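Protein chains in written order, with our numbering: chain A, 1 to 377; chain B, 1 to 377; chain C, 1 to 291; chain D, 1 to 291.
Heads up, some of the hints might be wrong.
[Stated by the list, open to error] Pair by pair, the computed Cβ-Cβ distance ranges are: (1) D:E221 with B:T50: 28 to 38 Å; (2) D:K51 with C:R116: 44 to 54 Å; (3) D:G256 with B:E249: 17 to 27 Å; (4) B:T70 with D:K265: 43 to 53 Å.
Treat the hints as calculated values from the structure; they're not laboratory data.
Owing to the predicted nature of the structure, the values given are computational and were not obtained by experimental measurement.
For each residue, glycine too, the CB sits at the ideal point set by N, CA and C.
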Amino acid sequence: MNIHEYQAKEIFTAYGLPVPGGKVAGAVDEAVALAEEYGLPVMVKSQVLTGGRGKAGGVKFCESMDDVRTAADAILGMDIKGHTVHKVLITPAVDIDSEFYIGMLIDRNTKRVLLMASAEGGVEIEQVAKDTPELIFKHAIDPRFGLLDHEALGMGLKLVPDDIKKARQLGATMQKLYRAFVGADASLAEINPFIFTPTGEGHAIDAKVNLDDNALFRHPGYEDLRDLAAEDRSERKARVAGLSFVKLEGNVGCLVNGAGLAMATMDLVKYYGGQPANFLDIGGSSNPEKVVNALTIILEDPEVKAILFNIFGGITRCDDVAKGIIKATESMDITVPIVVRLTGTNETEGRALLAKTDLHPAETMDEAVQKAIELAG
Amino acid sequence: MNIHEYQAKEIFTAYGLPVPGGKVAGAVDEAVALAEEYGLPVMVKSQVLTGGRGKAGGVKFCESMDDVRTAADAILGMDIKGHTVHKVLITPAVDIDSEFYIGMLIDRNTKRVLLMASAEGGVEIEQVAKDTPELIFKHAIDPRFGLLDHEALGMGLKLVPDDIKKARQLGATMQKLYRAFVGADASLAEINPFIFTPTGEGHAIDAKVNLDDNALFRHPGYEDLRDLAAEDRSERKARVAGLSFVKLEGNVGCLVNGAGLAMATMDLVKYYGGQPANFLDIGGSSNPEKVVNALTIILEDPEVKAILFNIFGGITRCDDVAKGIIKATESMDITVPIVVRLTGTNETEGRALLAKTDLHPAETMDEAVQKAIELAG
Amino acid sequence: MAIFVDDSTKVVVQGITGRDGGFHTREMIAYGTDVVAGVTPGRGGQVFDDKVPVYDSVAEAVEKHGANTSVIFVPPFGAAGAVFEAADAGCKLVVCITEGVPTVDMVKVMPFLKERGVRLIGPNCPGLLAPGIAKLGILPASIVKDGPVGLVSRSGTLTYEVVYQLTAAGLGQSTCLGIGGDPVIGTNFLDAIEAFNADPKTEAFVMIGEIGGDAEERAAEYIKAHVKKPVVAFIAGQTAPPGKRMGHAGAIVSGGSGTAAEKIKALEAAGIPVAERPLDIVPKLQEIWKR
Amino acid sequence: MAIFVDDSTKVVVQGITGRDGGFHTREMIAYGTDVVAGVTPGRGGQVFDDKVPVYDSVAEAVEKHGANTSVIFVPPFGAAGAVFEAADAGCKLVVCITEGVPTVDMVKVMPFLKERGVRLIGPNCPGLLAPGIAKLGILPASIVKDGPVGLVSRSGTLTYEVVYQLTAAGLGQSTCLGIGGDPVIGTNFLDAIEAFNADPKTEAFVMIGEIGGDAEERAAEYIKAHVKKPVVAFIAGQTAPPGKRMGHAGAIVSGGSGTAAEKIKALEAAGIPVAERPLDIVPKLQEIWKR
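Start from the sequences and build out the full structure, keeping to the hints where you can.
So, in C-alpha cells, the structure goes:
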C-alpha cells in the first residue's frame, strides 16, 4: 500500500525522525490558514501517490500569502500523471545547505532490509543509480542486531567525511528510519532529501513509505491511511472482496487462480492478438462467493465482451470453482459469453457440474484464450 | 534502582501488560476516595521497597469503605522491615481462579535474560526454588531473536497443559514482559502472581521491577521514580555526587578506590576487630572534588571517629588523590584523625604532596587499617 | 533420486487440523508421503483421520517420531512463528505453503534458518513433489510422472500447467518445485538450479520465472557458467503494467526494473531458450535436448 | 607465553583522544605494547603524541595496520557500540575498560562476539598485563614482574594489591587479568582458569572473587575436576550487607545467594585454600606450592 507524504511523515514523527511541522489542506482557505499558523515562507506540496510532483508543478515555495493562495489554487485539482490532487501539505520552508538521500527497501538477494544513502539528495535516485551508481552507498542490515552504531556512523561519514556532527545526525536518522521500517512493516521507506540548514539542523524534507500489504493485519490503524479517492473503484471492490485485481484496458475479462497463471493468461491473450481487460487472481481458497464477487467486478467494466476462466486446480478444487461459476451465472444476468477451462484437482467432478450449463468449455489454455478472443469479437 | 509496585505497573501498562487499574494515596481520605472511584471490593497495598508486605499486614482486602479506612489508617506509617509506608496503592480486587509466577532477570552464566515461570504463583519464589525447583521452568532468551512464539507458548503450556487459551495468554504476557524488560533496561522484572479470574481473564496482580542503574542515562524520566524518602540521606548525597556509597554501623570511615578493594578494606577492618562505618568507592576517576564530597558525606556521620584512605592507583593517579585530600582537609574543619595509604601510579608524587601535612601515613593496607582502628578508639 | 528429499523424509504437518492442512495431508498420505505427525497447539493428543497423531509442538513430533521435515499450513500471522518452531525443533527441511506472510517476518527468520542449516521452501508456494518419493505441499499428484526433467517455478498453478504438458508429452519429472512468489523466500532459483545440476536423475530442467526482482538474471549467469544440462525458461508477466503488484507480493515492476523483457534478454544472452507461450516449453526442451 | 596475548598482539585504542584513553595509551606504549593505531570518530587523520595514527573507524586501523586487539576507553553509552565495531572489524581480542555499561547492551553484544570467535575482556575491568609481552588496559606496570604466577580477579585495585604483594615476595606473574565487576562479562573465571591451566608458563595461580553470582562456585568445581596446579583464592565482601550493590554492578547479594560465605565454603570444599586477608594470599600460595 502506497501512502501520501504527510502520512509517511506522521509515521516518521512517531519514530522520532526530524520532520518539520506540517498539515494538509483540502481547500485554498484552509491552506492559507495553515500558512498563517506556521508563518512564511512555506511550501505548498501536492499529495499524490506518484513521483515527479516537482517537475509537474505540484510543489511550490511561497513567500507571501498571495503566493500560498495562488499555489494552493493551482495545485488543488491538478492532474499529475493521472492522479488528481485532493490535498496539499503546508509545511514551513527551511533553508537548505546540503541535501542527502536515505532510503530502505527489502532486498531479495540478501533477504534483508537494504539501507541506501547518497550525498546526491533531492534528485531522482533511480537516475543516480543509473548514471553514477558509485555515489550510492549500500548496507544490508542484519535483522538480529539491527543497524549498529558504527555501521550507521560509518555510512554517515561516507556522506560527510569531514563533519562528524552531521555524520552522527545522518547515522541516527538511519537508525530511526530502520526502526520505523520494521515497526511499520514497510516495503520501502525513503527520505529524499534529508537536508541540513546552514546552522546544521537536519530535517526530513520529503518522505515516501510503501507499506507491506501482507502485514496490514497487525496495524489496524493503517487502513485509515488508504486513499480511497486515489484507488480505482473496481480495484477497491476487489480488495475488499479479498481478490487480487488490476484493471487493464482490454475486452477479455480474465478470472484465473494463481498469479503466475493469471499473468501467463494475460500474456497469451496478447499473444493471440487480444487485449486482456484485467489481471485477476481468485487466490488459493475455493470459496464460491469469491467467484461471484470476481464476476461482478469484471462485469462492471462495459468494455468486457467475453469472460475467460482459466483454472488449474491445486489448493483450489475444480468442483468448488465450478459450483462458484454456476452459482454466479444463475444469480446474475450475464450477457457476455463465458469460456471455462478447468484442469487439476477434482477436474472430472468440476467438468461434470459445468456440462449441464451453457458455458463454453475448453480443454487447454490456448484453446480457451483463442475462443474468448473470438467471442469478444 | 528498586521501584515501587505502582511504578512497575505503570511501566507494565506502557508495554501492554494486563494490569488492573490502581492509584496511590498518601492519606486515608485519599484512599477512601479512590476506593469509591473504583468501587468495592478493593485491595489496599503498602508501597515499600521490600518483600514480605503481606505477612507484615501491609496488604488488605477490603469489602466496605470502613474496611478501606481502617486498612489505610493502619498501613500508612507502618514500618515493614525498616521501611516506613508513605503510600498505599488502591486497586480493584479481582476474583482469583489460578495464580502463576512469571519473572525475568539477567543470568550471568548464559549472559542472557532468563525467563522463569511457575504454576506456583502468589508465594515466595525463592522458597519454591529451594523446596521444589522442578516446579520452576526456565528459558534463557536469545537476544537476537527475542522470545519466540513457540517458546512463549511452550512455556505457557507447561503451566497450563490442558488450556490452550490460557497458555496463549501466559505466553503473550511473557513476550510483553520481555519487551518491557529490555525496553526499560530492567535487571529484574516479576509478575507474582499473574492470575486468571474464574471467567478466564488474566491480570498482573503484583509487579516488581528493578532498573539497571547503568542504563538510567537513557531513561531520563525514570529519575522521577526514585523514592527519595526511602533512601538514606547520605547515600542520596553520595549518589548525586557520583560516588558508590553504602552506610554501615561502625566508626571507621573508609574511602577506597575500587569496589573490590573497598570491600576487602571493610573486611579487614572487621578482621582486626574494628567496625567499618561505610562502603565507599571513589571510582575510577581522579577528580579532587570527588574526594571533598566523599569526606563531607562520611564526616556527617557522628559515629565516625577515624578516617581511612586506602588508595591503590591504576586509572586513579595517587597525585590527584593526594591533591584532593589536601584540598579537602584545607577547606574543611576536620577533627577526626585521617590515615592515608597510597600505592600505585604516581605514588611517589602523591606521597611527596602528603608529606607536608599532618595526616597519618601508612605503607600497607594492614598497617593503615590497624592504625585507623586504634585512632578511632 | 530427487532434490531436497529422499526415502528418509519424515513429515510433520503444522496446522494439520485446519481445512487446507487436513485436505492436503490426506493428499500427501495418499501419494505415499511418510507423514508421521501433525501439530496444532491445543489439539495435542488427538489423532488425525485415525492415523496421524497430533501434538502441541513440533518438538514432540520430532522427539517421538523422528520428523525431519515440516509442511506448514498455518495462517499468515502464525506462519513465521511456525517456521521458527520447525527449525528450532530440528527439522532440516521446512515447506511453508502459507500465502500472505509479512515480509519483515521472513527477513527475521532467515538468519535463524541459516544458523541451523535448515532449508526453507516458500512461503507462498505450492511446495515440492518428487515423483515416487514424496509430495510436500499442494502440487496435484494426478498430473506428475516419474522421469528425468526438473522443474522450478515462482508460480503455483502455472507450474501445474507446465507439469501437465510435460507429462502429456511423456516427459516425467525428477522433482517439481514451487519456490514461491514472495520477495523474500527461503530457496531461490540459484539453490534449486545448483541442486538440479548436481542431481544425477535430473537430465534437463525448466525454469518458470515472472516479473519482479532479478532472480532470473542471476540464475541465467549461473547457468551460463556452470550448467551443461539442457534448460528452457518461461517468464510470466510480459503484459503487466509497471508499479502494480500482480497477485504475488514479489511480482511487481518497480523503479523500471524487474520487467519480463529484461529477464528474457538476460536468459537469451546466457544461451537459454525462452518459450513464448507455456505451450512452447515442451517442444523447445525437446528441440535442444535431442535425446 | 601468557594467556590471550602473544608477540603478534597489535593494539588499536578506541577513545585514544580522551583523557583516560590518552593517559593509558602512553602507559601501554611505555610498557612496550604494540599500539598501532587509535580510533576517535571525527579525529581521523590526527596523530596521537606524534606517534600513533588516529582513524575514524576500527576497520581502517585493522586494514592499514593489522590491528588484531582493541582496548576500549569510550564512555558508557558508546561502549557496547565500540565492542560491536571492534569485533566487526576483525579484532579477535577486545578489552573494554569502561565502567557503567548498561547490562542489556552487553547481553546484546555477546552472540555477536560468539559468532565471530572474539574474546571480550570486561567491561568495567582493568584489563590484562602479560609481563614482557603486553599491557592492555590500566594495570600499573610498575608493580608487575615476569614470572610463573597467574592472577585472575573481578576487581581492579584489589588486583593491584595482590600483584604488588606477589612481586614483593619475588613471585612474578605470567598474566594478570581483571575480568571486571559487572554481571555480564565477556571472559569469566572459567575461561581464565582454563587458559591458565593450559598455559605452560603458568605454574600456579590466584583467583580473587567477590560477592554476587556463582562464578566462583563454578570455578571451584572446574578446578577440582581439571586443575592440578596450585590455586589460592580470596573473596571480598564478607561484611557486605545483603541487597546492596557494592560499587560493582555485579557485587550484590540478592535473594540470599551470592554471599562470600557460600563462595568460601564451595572453594574450600573443592580443596582450594581461601586467604582470610589479602596479606595471606602469598604465604598460602607458597605453602601449597612447596617449590
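Verification of the hints:
For the hinted restraint 28 to 38 Å between D:E221 and B:T50, the CB-CB distance of approximately 33 Å keeps it satisfied. Our hint of 44 to 54 Å for D:K51 and C:R116 holds, since their Cβ atoms are close to 48 Å apart. D:G256 and B:E249 have their C-beta atoms about 21 Å apart, which keeps the hinted 17 to 27 Å range intact. For B:T70 paired with D:K265, a C-beta distance near 48 Å keeps the hint of 43 to 53 Å intact.
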